[in-house]
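Once you've looked at the hints, dock chain C against the given chain X.
One-letter residues, chain by chain:
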Amino acid sequence: MERMVVAPIGGKHAGWLTGHLSEVRPMPPLTPLPEPYPFLSGTAFLGGRVVTVLDTFPLLGEAAAGESCRLLLRLAPPLDHLAFPIPSILTVLDYEKLDLREEGAGGVWAGLYPFGPSWVHLVDPPAVSRELALAMAHVLHPHPPGREDAS
Amino acid sequence: MKLKIGLAFIVIVFLPLVFGIVLDNLTSVGEWQAMWLKIFAGILVAAFSALVVAEVLTRRLQGLAEVSRLLAEGDLSREVPVSGRDEVGLLAESIGTMVRNLRDIVRQVQASTALMYDAVQNLTVSTHEVTASTAEIAGNIQNIAKGAETQVASVERAVEATQRVAAAAEAIAGRSRSAEERATASAGRAAEGVRTSEEAARAMGGLLVHVETSASEVRTFQKHSMEIQSLVEGISTLSHQTHILALNAAIEAARAGEAGRGFAVVAEEVRRLAESTRELASQIARLSEDITGRTQQVVHRMDQMEETAKAAKEKTGAVSEALAHIRAEAAETREAVRQISEEAAAQAASAVSLKAAVEEIQEVATENAAGTEEVSAATEETTASMEEISQQAKALLDESNRLRSLVEKFKL
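Taken in sequence, the protein lines are chains X and C.
In this text, residue positions in the first sequence follow this note's numbering: the first is 6, and each later residue adds one.
In this text, residue positions in the second sequence follow this note's numbering: the first is 1475, and each later residue adds one.
Errors might be hidden in some of the hints.
[What the hints assert, rightly or not] Where chain C lies over chain X, by a calculated footprint (3+ residues, C-beta under 8 angstroms):
| hint | segment |
| --- | --- |
| 1 | 7-17 |
| 2 | 117-130 |
[To be verified] Selected chain C positions facing chain X (Cβ under 10 angstroms, derived; list incomplete):
| hint | residue |
| --- | --- |
| 3 | GLU1623 |
| 4 | HIS1714 |
| 5 | ASN1722 |
| 6 | THR1807 |
These are computed hints drawn from the structure, not numbers from a lab.
By construction, the Cβ of each residue, glycine as well, lies at the ideal position given by its N, Cα and C atoms.
So that you can see chain X by itself, here it is in the shape it has in the complex (with noise of 0.2 angstroms):
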């Protein structure tokens, strides 16, 4: 059985299937960019390599996620060159596939997983790698065609 790390991000919850990670560590300092880009926090050394932190926060519609971040979810190869920053670890959850509804999917979101009374937005990272070569090329390109934006 799969399991789904489950973190609080703003009033909303966001999980990453435990598969799809390769670590989680305490946030490292971060480097910033030259220029803002949307969804990208800074880049991180972790084991020899370079990985890109996202901004987990506005992908949920939530304001930026500052300095509150204590965690690093470190996705699993061949995207662990990505990173998402989160306050802390919720719970981890059992995760069953059909509880999944994915009339919530769409951009970097695979679906709703129910949490009790509310629920968790979980993190489809091919769709995160996707979504964000979009939203790097809407930033280059300012009117790529067919896409307004990256969320």
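Only chain C this time, still in chain X's reference frame:
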């Protein structure tokens, strides 16, 4: 005159003698004829003698009559001629003596009249002056009588005021005695307060020592609590790291697939333990934080208590000092109040004496007012008498004038 006397002697003495001798020698004449002759002779002689004597007497009496006429006219300046030692001479002498006496009397009467006139004139003037003075005195006495009435009224008010003063002095004396008792009680309480405050100062000193000791122990407790909190933070960090480690182990087990299933169970148990440890550590941290916070508050309060105890000790010392001053001042106040009480008692006694004196003054003033009324009445009577005397003096002056005019008719 001598001739008249000699002639009268001849007529009276010698002729009868010769006629008798002649008759004695005429013997031829009858007895009866002789007797008739003798009688005739005698009558003749007597008539002649009477004529002579009458002439002499008339002339002498005429002188006296002239003198008497002048006397009747008031002329007393003439001397009465005295001739012979007979009855006429004696009469003239007597009249002369009378004239002299009258002259002396008239002189004395004139002098007395002048003196009386002057005296009556002076009396009249004096009477006028006395009348005026008496009227003035009467006016003054009336003023004095009014003043005496005013004085009586004033003295009555003074009596009332003195009675009030006496009552007030008595009340003051009573209150002064009460104040003296209270001052004595206050001095005693102040002394008791000094002792109590000194004991309180000692107690505050002991309390300050206890507070300082307690503050030190609480600070030690706070320090230990902070150390516990630090240790709990270390445990929490360890549990957090263990939790992350367990998560990573679970991630690795998931990546290992079926081979990592057992390891995933162990990793999950480790993660649960780490989570439980973290929760316990979190609870301990909250408790420790609460204890630290409360200890901080206790320390703060102990500091405040220590400062309060120090301030209380200082204030207790100040209170002791103030109470010592109060005790000294209370003693001085008690002494002052005692003196006031004595002086108030003396004042009350003086007020009683004053009241008696003023009452005596009131009696005297009343008597004086009555006496002044009587004097005023007597003065009015005197004024009336003086007016009567003045009228009588005027009448006397008139009478004296008339008498003087009468006396002035006499020529001396």
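Checked hints:
1. 7-17: holds (count 3)
2. 117-130: violated (count 0)
3. GLU1623: violated (110 angstroms)
4. HIS1714: C:HIS1714 check passes; min Cβ-Cβ to chain X is 8 angstroms, inside 10 angstroms.
5. ASN1722: holds (5 angstroms)
6. THR1807: violated (74 angstroms)
Hint violations for this structure: numbers 2, 3 and 6, all remaining hints satisfied.
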